[in-house]
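Protein chains in written order, with numbering that gives the first Met the number 0: chain A, 0 to 435; chain B, 0 to 315; chain C, 0 to 315; chain D, 0 to 315; chain E, 0 to 315.
Watch out, some of these pointers could steer you wrong.
To be verified - Computed list of lysine-lysine pairs in DSS-like fashion (alpha-carbon distance at most 25 Å, straight line): (1) D/K29 with C/K280; (2) C/K286 with D/K280; (3) E/K314 with C/K286; (4) A/K345 with B/K9; (5) B/K286 with A/K308; (6) A/K365 with B/K210; (7) D/K280 with B/K286; (8) C/K9 with C/K29; (9) C/K313 with C/K280; (10) A/K309 with A/K234; (11) B/K286 with D/K286; (12) E/K9 with E/K180; (13) A/K345 with B/K89; (14) B/K255 with A/K327; (15) A/K168 with E/K29; (16) A/K345 with B/K197; (17) B/K197 with A/K393; (18) A/K345 with B/K14; (19) B/K280 with C/K286; (20) E/K286 with A/K234; (21) B/K280 with A/K365; (22) B/K9 with B/K210; (23) A/K136 with A/K118; (24) D/K280 with E/K280; (25) D/K286 with E/K286; (26) A/K327 with E/K142; (27) B/K4 with A/K390; (28) A/K365 with B/K4; (29) E/K180 with D/K313; (30) B/K280 with C/K313; (31) B/K180 with A/K341; (32) D/K286 with E/K314.
Derived from the structure by calculation, the hints contain no laboratory data.
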Amino acid sequence: MFNEDHRPREFSEIHGQKKPLKDIIAWLNTWPSSNKALLIHGPSGCGKTISAYVLKEQMNLDFIELNTSDVRDAETIERVVGNAARSKALFFSRKLILIDEVDNIKGRSDQGGMKALGKVIDETQNPIVLIANDPYKLPSSIRNRVDTIRFNTLRSASIKNRLKEISEKEGITVADEQLEEIAERSGGDMRAAINDFESLGNTVLKADVGMLSSRDSESSIFEGLTSIFKQRSTKCREIFFDVDKPPDEIIFWIDENMPRTYHPDDIACAYNYLSRADVFLGRVRRRQYYRFWAYAMDLMTGGVSVCHKKDLTFSKYEPPSYFRYLGKTKALRGVTNSLLAKIGGKTHSSIYDARAYIPLLGLACKDVSGGINVLKYFDLEYEEMEVICPKVVKDIFKAVEEAEKRPNDESETEAKQKRRPAPKPARGEQTSLFQF
Amino acid sequence: MNFEKPWTEKYRPAKLDDVVGRPFIVERLKSYVERKNMPHLLFAGPAGVGKTTCALALAREMFGDSWHQNFQETNASDERGINVVRERIKDFARTMSIGGNFKIIFLDESDALTPDAQNALRRTMEIYTSTCRFILSCNYSSKIIPPIQSRCAIFRFGPLPDGAIEEKLNMIADNEKIVIKESGMEAIKYIADGDMRKAENTMQAAAFLGKDIDEDLVYQVSSRARPEEIVDMINAAISGNFLASRRLLDSLLIEKGLSGEDIITQVHRQILELELPEERKVDLIDKIGEHEFRLVEGSNERIQLEALLARLAKKQ
Amino acid sequence: MNFEKPWTEKYRPAKLDDVVGRPFIVERLKSYVERKNMPHLLFAGPAGVGKTTCALALAREMFGDSWHQNFQETNASDERGINVVRERIKDFARTMSIGGNFKIIFLDESDALTPDAQNALRRTMEIYTSTCRFILSCNYSSKIIPPIQSRCAIFRFGPLPDGAIEEKLNMIADNEKIVIKESGMEAIKYIADGDMRKAENTMQAAAFLGKDIDEDLVYQVSSRARPEEIVDMINAAISGNFLASRRLLDSLLIEKGLSGEDIITQVHRQILELELPEERKVDLIDKIGEHEFRLVEGSNERIQLEALLARLAKKQ
Amino acid sequence: MNFEKPWTEKYRPAKLDDVVGRPFIVERLKSYVERKNMPHLLFAGPAGVGKTTCALALAREMFGDSWHQNFQETNASDERGINVVRERIKDFARTMSIGGNFKIIFLDESDALTPDAQNALRRTMEIYTSTCRFILSCNYSSKIIPPIQSRCAIFRFGPLPDGAIEEKLNMIADNEKIVIKESGMEAIKYIADGDMRKAENTMQAAAFLGKDIDEDLVYQVSSRARPEEIVDMINAAISGNFLASRRLLDSLLIEKGLSGEDIITQVHRQILELELPEERKVDLIDKIGEHEFRLVEGSNERIQLEALLARLAKKQ
Amino acid sequence: MNFEKPWTEKYRPAKLDDVVGRPFIVERLKSYVERKNMPHLLFAGPAGVGKTTCALALAREMFGDSWHQNFQETNASDERGINVVRERIKDFARTMSIGGNFKIIFLDESDALTPDAQNALRRTMEIYTSTCRFILSCNYSSKIIPPIQSRCAIFRFGPLPDGAIEEKLNMIADNEKIVIKESGMEAIKYIADGDMRKAENTMQAAAFLGKDIDEDLVYQVSSRARPEEIVDMINAAISGNFLASRRLLDSLLIEKGLSGEDIITQVHRQILELELPEERKVDLIDKIGEHEFRLVEGSNERIQLEALLARLAKKQ
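Produce the entire structure from the sequences given, and follow the hints as far as they go.
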């Protein structure tokens with residue numbers, strides 16, 4: 000496969016990511032300057048993992064890797080990277096801890112994985128690099144402990160250049176416009192572009208590029224939206240036969256863009272049909288009776304379409320903000336629930352009733368000492384405190400940490416002892432030769 | 000003012016005699032203590048009116064120092080299903096009561112259990128009837144199946160009278176060395192609407208802002224607790240700014256994690272407070288009823304709530 | 000610790016002559032006792048009107064002391080499917096009747112069986128016809144398949160007349176040494192609505208609170224609203240005072256702990272008694288149907304009931 | 000106490016020529032008997048219109064005295080899943096036909112099988128095609144997958160014409176020495192609505208009560224309302240006398256023991272016969288659909304039926 | 000009596016060149032065969048449009064006679080969770096490919112896997128990437144997580160054009176020596192509605208009855224109404240002739256033996272073709288969906304279909 004055969008081996012073969020590559024090298028060379036771990040994030044196929052491997056070759060690093068392992072629980076993390084992280088690399092060799100897909104360490108199935116990872120980062124003697132698609136899937140306890148470098152979606156010019164290199168090595172004759180088109184359709188994903196290029200075969204003709212389905216399934220939904228907004232007809236349902244998205248996703252595209260486009264007087268009419276469509280989607284979900292999808296689709300397309308009074312001019316379509324918002328706030332919602340459970344436990348109230356205490360506790364944290372008492376009384380974690388008093392949470396934890404450093408002040412440290420590990424030796428202080 | 004613990008906990012009565020505003024209920028509960036025996040109890044009433052408080056005080060007086068070993072609190076709506084509840088009850092009921100003839104199991108929000116689950120609960124009650132007494136707490140006694148109702152002595156907790164709230168707040172104020180002005184007291188009672196928990200929380204929050212609690216302070220605090228976003232959202236919708244009202248909806252639904260039912264209930268409550276012609280309000284309440292029904296039938300809460308917001312904007 | 004036996008059991012008539020309010024039915028059943036023989040019987044009617052009572056009294060008189068060996072009670076909706084029912088019947092039918100020519104099998108809620116299951120039951124009835132008689136009880140005789148109906152003598156149990164309920168309650172009151180005032184008796188009869196079981200349960204619950212049973216005591220234990228409260232709420236809505244009617248609704252839902260379905264059923268019952276133009280009433284009954292349906296589908300009680308009040312408040 | 004054999008069994012035609020009301024079907028089936036061969040058959044139609052009767056008569060004529068060894072009846076909805084069905088078929092198909100070239104398997108309610116199960120059935124049909132013929136009976140042929148349909152000769156059994164029912168009932172009456180009056184015959188035909196089994200069952204039940212069968216006797220055993228009662232109730236509502244129509248409803252629900260669904264089905268059947276403007280009828284049929292659905296979902300019967308009457312009573 | 004092999008099996012393309020209606024997809028797949036190598040593939044599209052057919056043909060051409068040893072088909076929704084899937088893949092991947100460099104794992108309905116399971120699958124894909132290629136099939140590619148999409152070449156299978164169905168049917172007709180008339184071809188294409196499997200099954204069923212396939216033969220075996228019949232029924236209703244449309248409904252239900260759900264599906268399809276204002280169409284589609292829902296919930300077919308016709312007949 001081209002993706003295997005033409006895996007980049009030098010920095011020059013990684014296209015379109017000069018800035019982040021430079022930043023990574025700088026971060027490594029100055030380590031430890033700020034945080035001891037680095038989070039590289041960005042969409043699929045933009046070169047995150049490849050960059051780490053090229054780095055390894057070019058800088059002659061010793062890799063300790065937690066990658067394709069199935070299990071990512073606390074025990075595995077500790078076993079695979081824990082000791083490696085804590086032991087300093089031998090003279091002249093440099094060690095790097097690499098953890099790919101770090102956003103797939105899950106709370107439930109991978110018990111305590113995130114906690115263990117936090118601990119490893121705190122105690123490491125070597126640089127740690129984390130790779131993730133979505134940084135928001137990480138708890139803030141990890142995000143607060145890392146530096147971040149973002150890999151952007153690749154521009155199609157970068158993809159095209161790489162495709163050209165490959166075509167030359169493979170001896171495939173291909174016109175620039177064709178490579179451009181493949182690159183364009185890939186949606187900024189290098190690996191996908193190379194797969195598509197390969198799937199077109201050895202002789203690429205202009206017509207053949209059209210055989211590729213667009214990676215960017217959004218262009219077909221744009222056509223569908225335009226047909227809803229342009230005409231006033233049930234006919235627009237037909238465009239959606241070719242949209243590669245299920246009805247419960249399509250409805251959110253319409254929901255996002257209809258109110259941006261429609262005259263305010265027509266919005267209620269359109270929402271009536273969206274709401275009816277959603278009722279049919281609910282019936283599909285509860286009864287697994289998929290024929291109702293047909294009604295849902297007709298109502299969300301044709302129904303919305305017949306509601307606008309005059310022809311509408313094109314406006315720029317937005318992807319549904321709802322999913323993005325949900326993704327961003329997922330971790331937060333988990334934290335809120337655990338916070339409410341703790342409050343409920345102390346105040347003999349249900350999770351629902353416990354919500355009533357949050358404004359009170361917010362006021363209680365107005366000053367740091369009040370905040371510390373809240374922290375102690377409910378036995379809260381950093382993220383949970385953040386929900387109560389986002390502005391002062393840092394000060395409160397700093398105060399707790401300072402109190403810990405004063406060994407005499409027992410009452411202050413007691414509460415934090417189990418959360419913060421025992422004081423570690425200052426960096427660089429090798430207390431014994433046999434420590435390795 | 001420094002936070003120590005919530006006043007609802009700090010001033011939760013340890014003895015039945017300290018419970019305010021419930022003379023008849025306390026009377027009956029004390030007779031159980033005297034006899035060192037009790038039937039199963041069913042406590043029915045809204046939030047914050049003393050159901051849990053009475054259960055805890057009863058257990059304390061019944062068992063003295065060993066009350067903690069003989070009392071178990073479980074919330075039927077939080078725990079995952081009746082099986083978890085039964086397992087917990089089984090574990091707890093297996094060991095002997097310490098210094099008593101029975102143990103007490105306090106099952107909060109029992110009306111969250113389906114009728115089937117309640118039937119299972121009823122069998123559990125029968126199995127452990129010689130070693131355990133149940134105190135079931137619920138909002139609506141009519142949601143409890145008749146076979147359970149008939150096995151329980153029923154206690155109805157209405158909203159607390161304003162006098163009882165005033166008594167308790169004055170006691171706390173004395174103790175905490177704060178001054179509560181008459182206007183402040185009136186404001187708290189109005190906001191609390193018979194809910195002691197809300198009253199105590201409001202006073203404690205106000206005390207963080209100043210030692211002299213007056214009306215202004217109370218409203219300042221309660222506006223923090225009030226769902227201002229709900230009001231903003233409704234107003235944005237009514238004034239025709241749908242996108243703005245949708246953004247507020249998202250923050251309630253997604254960031255704050257409120258359920259669709261929560262939001263529609265609050266919209267419903269706020270509608271009546273709005274500056275709108277009476278007829279319009281009545282009309283909107285009718286519409287909310289329709290959309291609430293769709294919410295139950297539908298798949299996605301957000302779409303249904305958006306449809307409601309769009310409806311609010313419509314003139315007739 | 001003293002749990003009283005439910006009065007429905009304690010005062011269940013042991014003899015057919017003690018059954019109140021059913022002179023014709025009792026007459027026919029007594030003729031079976033005299034002849035020491037009987038056909039299969041089908042008892043149709045709503046809950047709490049004496050179907051089980053008559054079956055038990057009949058068995059007692061038919062078999063005397065050995066009635067217990069010759070009578071089996073099975074609930075068709077409890078048992079898992081017709082196969083379990085058939086197994087139980089088979090086991091019971093296998094042994095000889097003691098001191099009689101046949102045994103009686105009482106199958107409660109037979110209309111819970113599907114038509115197919117009823118066909119299986121019919122075959123079972125045929126197989127054991129020489130040794131067993133069936134008494135099938137059901138809510139609707141029309142849900143029983145014709146081949147079974149044709150094999151049974153059908154007895155229809157309508158709601159009990161208020162007089163019969165009064166007679167029985169007075170008998171119990173005498174026995175229990177409690178005083179039931181006229182207002183209390185009226186209230187119980189209103190609540191029971193022809194259901195003796197409900198009447199007895201209500202009186203027993205009230206007697207737990209006091210020996211002098213008046214209206215207040217009855218409504219305190221009943222989770223029913225007083226008719227006046229319902230009427231006030233409806234009138235407030237109709238006269239355009241929506242807020243007042245909403246407050247009354249809240250007091251029913253929250254203070255009294257009534258469920259939405261209870262309230263809507265009472266509204267429905269009261270609507271015809273109101274001073275309203277006929278057309279208006281008819282319209283309201285239509286609306287009540289719609290909102291009742293929403294409640295059945297799981298909608299929020301408060302929102303749907305307020306929407307109903309809003310409907311009442313609207314002019315047309 | 001004496002149980003008669005059900006007339007549906009006693010008078011089931013033994014020969015194809017005795018089957019009433021199905022001349023074309025009988026003709027085709029007889030041609031199979033002549034040829035001593037037949038394809039697979041698919042019998043589609045509602046309950047009680049002669050599907051099983053035709054299958055049995057065909058088998059009797061095809062195999063003569065040994066028909067019992069060569070014919071197996073299985074009910075697809077009774078048996079637990081397709082695997083049990085297949086096992087039974089396998090066992091039956093393994094042995095040779097006695098005095099014939101094949102055996103017949105009659106699979107009742109085949110449309111109760113899921114499409115997957117039907118595919119499994121199709122394979123079974125293929126495996127035993129040389130030794131077995133299948134007669135599949137179903138309510139709707141469209142619920143049978145095309146590959147099976149294409150392998151079968153399809154016979155559609157519509158509701159039986161009233162004449163056929165009358166013919167059969169008169170034959171039975173002669174034989175049983177009972178008199179069936181004209182009014183009785185009309186009533187049975189109304190109740191049966193094309194279903195022979197129901198007609199025979201009803202007549203047998205009536206004959207149990209008396210030898211002279213008239214209208215009264217028929218309605219006494221049928222737990223169906225008389226058409227006039229339904230019409231009276233509807234007319235009372237339509238003419239604005241809501242209270243009267245409500246009383247009639249009560250008598251159907253309580254005295255006759257009809258279920259809500261039975262009543263609504265009868266209302267539906269009667270509505271087209273009424274003297275009403277066409278538009279009004281259309282509107283009412285729409286409404287009936289809505290209320291029937293509410294009942295299916297579990298709404299309160301009294302409330303929903305009254306709401307339907309209210310709809311009838313409303314002018315527009 | 001002779002059972003043929005189903006044509007869907009008999010005429011499943013063995014070579015990529017025999018796949019109809021997918022020229023671009025076939026082109027790309029053939030280039031993999033030439034190079035004897037391929038990336039992971041993702042096939043997205045609805046059921047019955049050739050995804051499995053293409054995967055099988057690809058495997059056959061890629062591996063020749065040993066394709067069976069090198070190809071494994073697993074259904075993600077059948078198997079119990081991702082762990083079982085992984086176990087199966089592990090077992091399969093462990094042994095060497097016979098006569099090739101890799102094996103192919105075809106994972107059907109991959110979008111039935113949760114995102115978590117897909118992440119696990121992604122790791123599995125990486126582990127075995129040197130010895131296995133995956134073909135993932137799904138309904139919607141957007142339900143596949145981006146990291147997997149990025150690792151696959153994506154192939155979209157839209158609905159099959161009628162031309163492709165025609166081509167295939169003509170090929171089969173030639174082979175089977177049957178004549179398919181134009182009217183018959185049109186009817187099959189209407190019934191198939193883009194589903195090749197249904198088209199082949201229908202033609203096979205029709206060919207069973209006669210070698211000259213015309214419209215009549217097709218509708219005889221299909222348990223679909225002719226589009227004209229549905230249109231006539233709808234038009235009669237819309238033009239206000241309710242009784243006529245009801246008669247047409249009866250003929251579909253009783254004479255044709257169609258089920259209510261079949262009829263309603265066809266009504267839905269035809270309504271879009273009618274000459275009606277677009278607003279009216281949308282409104283009717285909403286109603287049609289509602290009535291189908293009622294049928295699915297168990298409502299009476301006749302009542303609900305008539306109610307639907309009544310809705311059509313009503314002016315607004």
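Which numbered hints does this structure break? Hints 1, 7, 17, 21, 29 and 31 contradicted; others consistent.
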